[in-house]
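Peer 1: First to last, the sequence lines map onto chains A and B.
Following our numbering, the numbering of the first sequence begins with 1 at its first residue and continues without gaps.
Following our numbering, the numbering of the second sequence begins with 260 at its first residue and continues without gaps.
Rather than coming from a laboratory, the hints here were simulated on the basis of the structure.
Note that the structure is predicted; figures quoted are calculated from it, not measured.
Just so it is clear, CB atoms sit at the ideal spot from N, CA and C, and this is done for glycine as well.
Check before you lean on any hint, since a few could be wrong.
What the hints assert, rightly or not - If you want the ones that stay clear, here's a sample from chain B, every Cβ over 12 Å from chain A, calculated:
{"no.": "1", "residue": "Asn285"}
{"no.": "2", "residue": "Pro322"}
{"no.": "3", "residue": "Thr332"}
{"no.": "4", "residue": "Arg479"}
{"no.": "5", "residue": "Gln705"}
{"no.": "6", "residue": "Asp764"}
Claimed, not checked - Residues from chain A shown here face chain B by an in silico Cβ test under 10 Å; the list is partial:
{"no.": "7", "residue": "Ser57"}
{"no.": "8", "residue": "Ala58"}
{"no.": "9", "residue": "Lys60"}
{"no.": "10", "residue": "His64"}
{"no.": "11", "residue": "Pro66"}
{"no.": "12", "residue": "Pro71"}
{"no.": "13", "residue": "Ile85"}
{"no.": "14", "residue": "Leu88"}
{"no.": "15", "residue": "Glu123"}
{"no.": "16", "residue": "Asn140"}
{"no.": "17", "residue": "Gly160"}
{"no.": "18", "residue": "Phe163"}
{"no.": "19", "residue": "Tyr211"}
{"no.": "20", "residue": "Ala230"}
{"no.": "21", "residue": "Gly235"}
Stated by the list, open to error - Once the Cα atoms are required to be at most 25 Å apart in a straight line, the calculated BS3-like pairs of lysine-lysine come out as:
{"no.": "22", "chain 1": "A", "residue 1": "Lys99", "chain 2": "A", "residue 2": "Lys185"}
{"no.": "23", "chain 1": "A", "residue 1": "Lys185", "chain 2": "B", "residue 2": "Lys448"}
{"no.": "24", "chain 1": "B", "residue 1": "Lys530", "chain 2": "B", "residue 2": "Lys618"}
{"no.": "25", "chain 1": "A", "residue 1": "Lys185", "chain 2": "A", "residue 2": "Lys219"}
{"no.": "26", "chain 1": "B", "residue 1": "Lys560", "chain 2": "B", "residue 2": "Lys530"}
{"no.": "27", "chain 1": "A", "residue 1": "Lys72", "chain 2": "A", "residue 2": "Lys98"}
{"no.": "28", "chain 1": "A", "residue 1": "Lys125", "chain 2": "B", "residue 2": "Lys560"}
{"no.": "29", "chain 1": "B", "residue 1": "Lys662", "chain 2": "B", "residue 2": "Lys380"}
{"no.": "30", "chain 1": "A", "residue 1": "Lys60", "chain 2": "A", "residue 2": "Lys219"}
{"no.": "31", "chain 1": "B", "residue 1": "Lys595", "chain 2": "B", "residue 2": "Lys434"}
{"no.": "32", "chain 1": "A", "residue 1": "Lys219", "chain 2": "B", "residue 2": "Lys404"}
{"no.": "33", "chain 1": "B", "residue 1": "Lys662", "chain 2": "A", "residue 2": "Lys219"}
{"no.": "34", "chain 1": "B", "residue 1": "Lys404", "chain 2": "B", "residue 2": "Lys816"}
{"no.": "35", "chain 1": "B", "residue 1": "Lys662", "chain 2": "A", "residue 2": "Lys185"}
{"no.": "36", "chain 1": "A", "residue 1": "Lys60", "chain 2": "A", "residue 2": "Lys125"}
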Amino acid sequence: MLESTPFIKTHSLSTESSKAEALSAGLSRRQTLKWMGVVAAGVTLPMLSGCEDVAISAVKMAGHWPDLKLPKITGEGYGQDPNLISPLTSPWPLTMSKKQLHLAAQVCDILYPRDGDTPSASELKVPDLLDEWVSAPYPNNQADRQELLPALVWLDEESGRRFGKSFTDISKTKQFSIVDDIAYKEAESDPRYLYMANVFDGLRTLVTIAYFASPEGTKDLGYIGNIPIAGDYPGPTPEAIAHLDTILDELGLTEYAYS
Amino acid sequence: MSDLNYDVVVVGSGAGGAMAAYVLANAGKRVLMLEAGRDYDPVKETPMFQTATDAPLLGAPTPDKDFGYFDATVDGGWSVPGEPFTTAEGTEFKWWRSRMLGGRTNHWGRFSLRFSEHDFKAKSRDGLGADWPFEYAEIAPWYDKTEELVGICGTNTGLDDMPDSAPGVLQPPPKPRVPELLLAAAAKKLGINAAPMHRAVLTRPKDIRSACFYATNCGRGCSIGAAFQTTTSLLPLARATGNLEIITDAMVKSVEIDEQGRAKAVTYIDKTTVVERQIAAPVVVLAASACESARILLNSKSERFPTGLANTSGQVGKNLMDSTGASLSAVIPALKGRPIYNEDGHTANHLYIPWWGHKAHANNELDFPRGYHFEVGGGFQAPGTYYPQSLQGYGSELKQQAKLDYGSGVNLSLRGEMLPNENCYMEVDETVKDKWGIPVVKFHWQWSEHELKQVKHGLETAQAIFREMGADVSASLPAPEDAIKKGGEIIHEVGVTRMGSSPEDSVCNEWGQTWDCENVFVMDGGVFASNPHKNCTLTIMTLAMRNASWLATQLDKGAI
């Protein structure tokens, strides 16, 4: 397939089993997962939850993970024969509160702030995608909901502990001081932040995908395909070939170049 | 309907069924085709150019659309509501079904590699599995005809794993792209050749179809007919003869026989009215997909054939094979920040790595008996499918990284040959019926050491290639047991009604004609005697063309 062959299914950023393995081995999750997930022909979100595991529970407790008891989403998906030409814009009821969306928007814009002429993640409606994502009735989305919504609460609680105010009411500098503790590899060696750092990594991936999928983000990324070409496929540009020649040389592969 | 309305009833409209119908209709035979799914028109229904933001969840795979929102598959995927299948204890098996006109040809990968002399007679060489009942030389001209009709781009490479096509048959392949060129050089250093993939994608216009314009993923289907699917080619071409009639939403249950043991009718459920109907059938061609055709035979029990039609050998359902699959990805530092250009191409492999180990096998240097190839993934893919990894931080630092990483990932997907084994088969589960009242399929599955050793070799080779490309390959490789895909997951399930030279150990003769019943044929992947690593669809179509041509001559002679 992907081909849509099952190629598409090659990755899942953090299946719970590999996460548990990484935690119990005291390794960086990224190291364990090095072989997975670099290339995919479809989006699958990091699966942030699954079976409970002793190691994971301990990590959650060390990081004072909020226990939200979220109600299950019960509803229909879009079915196996949806309209592909004009998809429904909102196939299921959205569930995030204004407060959650407000906080999510601030996190999105910490990740992708306005950058010159390129709008910020919230200006590009990324929070709406998060809402659609966690409100979807599918198992993966339900699992992500169980992680992403507590992550928002975690930010508020952490902000309360440090500054006595909710996350949306503190200064940018103070917000950065919290995010600095969860947005880098170092968090993986600190039990207070390990679990949140993992969830934040998944959230960052989802926000990144949504950001660059938007028309403005796509332009910013530089993707220039998805347009019909008359005649033969032109192949790499002279500039791209020149770059290839350079790296072939650096890697000692020039004599093996494909012809 | 009267008995004389049709010469042949074809069950299924995918690769095998559509080709059989095309050949028979063009030979002047009146053909009725029964398709279990709904009518489907790619010209009107294909989401060409839609972007991730046009779809729910950015088009991500869900249980409703297993390969993503825009995948062409209708009313199917890994599950079909109301049409379950069962598995034996300890078995994990996946079964992809499409319930639509054109079947799985609407979304397939279009990889179209010929089997070779080596592939058709593997048992003669290593004593394992089964030989096919003919030589490559006999089928080569049929490959040429099929490739000409379908439209295959690629080149003759002269490599021992890639038999040449006749001159002028192949269309020119698209130019290779940067990640493929780097991979090819790295592999070459290890003595492994890359080659242009052969794909059923037109790079030159043909009959009613346009040439590829190098955009929008083939898995969605192709409204301009460049990426081959039967719904834009064989079916409309066959209908134009006036000799083909198609009934959709017709779920075939069984084949009925007369007192002489000949097929006389096909029983199907009209899904729109949920009424069981019977239609007279002078000749039946089953091409419902390997396991569906075997299911129909096993569900066609009679006093004369108490274990199912065409099952005197006991081989219907046995010898179930898929391709092996495994995948390894790496970030290539040298590809970071490289100059961006339009890298869509025909949206799949321009280059791939064919099996290079024929000599090593001949010299007994490998601890597994059958070969594999690598498909290559990567490039500047459309956002929404670009998947960053190992991102750090936030803000401008984050964006810089994401942009730098874009297009630096490369994936190698192994597709290998498995051998049939006694633990891999399907049967009918009499205890479970689908919503049409038809007993369902039960799968049994277990990989053998052959496949696991092959996957181990593949993972190590992929790691070695990535090392030459400058990737960090220090992480330990997954165990083959963990890396190998589940049975059925590569969607190359074949072999359950295999052809052979003897009615003792095969279901069909070399023409796909069942040994037991001279007017019942199988023309899908079920007839495969072995499952070479090269993707089954081209050979399904080639055999259907050859065998439907033979059937037409037999009908002309009054021999059937």
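Peer 1: Next, verify each hint and record whether it holds.
Peer 2: Right, here's what the structure says about each hint:
1. Asn285: holds (30 Å)
2. Pro322: violated (6 Å)
3. Thr332: violated (8 Å)
4. Arg479: Not fine: 8 Å to the nearest Cβ puts Arg479 (chain B) too close to chain A.
5. Gln705: holds (20 Å)
6. Asp764: holds (31 Å)
7. Ser57: violated (25 Å)
8. Ala58: For Ala58 (chain A), the interface hint is violated, since the closest Cβ of chain B sits about 25 Å away, which is over 10 Å.
9. Lys60: violated (23 Å)
10. His64: This interface hint is violated because 22 Å lies over the 10 Å limit.
11. Pro66: violated (21 Å)
12. Pro71: At 21 Å from the nearest chain B Cβ, Pro71 (chain A) fails the 10 Å test, so the hint is violated.
13. Ile85: Interface hint status for Ile85 (chain A): holds (6 Å vs cutoff 10 Å).
14. Leu88: holds (7 Å)
15. Glu123: violated (14 Å)
16. Asn140: holds (8 Å)
17. Gly160: violated (21 Å)
18. Phe163: Not OK, violated: Phe163 (chain A) not within 10 Å of chain B, min 19 Å.
19. Tyr211: holds (8 Å)
20. Ala230: This hint holds: Ala230 (chain A) lies near chain B, its Cβ roughly 7 Å from the closest one there, short of 10 Å.
21. Gly235: Holds. Min distance 3 Å.
22. A:Lys99 / A:Lys185: With Cα atoms ~29 Å apart, Lys99 (chain A) and Lys185 (chain A) exceed 25 Å; violated.
23. A:Lys185 / B:Lys448: Measuring from Cα to Cα gives roughly 35 Å; hence the hint is violated.
24. B:Lys530 / B:Lys618: Violated. Lys530 (chain B) to Lys618 (chain B) sits at ~53 Å, over the 25 Å cutoff.
25. A:Lys185 / A:Lys219: Roughly 29 Å between the alpha carbons, so the hint for Lys185 (chain A) and Lys219 (chain A) is violated.
26. B:Lys560 / B:Lys530: With Cα atoms ~23 Å apart, Lys560 (chain B) and Lys530 (chain B) stay inside 25 Å; holds.
27. A:Lys72 / A:Lys98: holds (19 Å)
28. A:Lys125 / B:Lys560: Distance of about 59 Å is beyond 25 Å: violated.
29. B:Lys662 / B:Lys380: violated (50 Å)
30. A:Lys60 / A:Lys219: Roughly 39 Å between the alpha carbons, so the hint for Lys60 (chain A) and Lys219 (chain A) is violated.
31. B:Lys595 / B:Lys434: At roughly 21 Å apart (the allowed maximum being 25 Å), Lys434 (chain B) and Lys595 (chain B) satisfy the hint.
32. A:Lys219 / B:Lys404: violated (44 Å)
33. B:Lys662 / A:Lys219: holds (11 Å)
34. B:Lys404 / B:Lys816: Holds, at roughly 24 Å.
35. B:Lys662 / A:Lys185: holds (20 Å)
36. A:Lys60 / A:Lys125: Since the Cα atoms of Lys60 (chain A) and Lys125 (chain A) sit roughly 30 Å apart, the hinted pair is violated (cutoff 25 Å).
Of the numbered hints listed earlier, those contradicted by the structure are 2, 3, 4, 7, 8, 9, 10, 11, 12, 15, 17, 18, 22, 23, 24, 25, 28, 29, 30, 32, 36.
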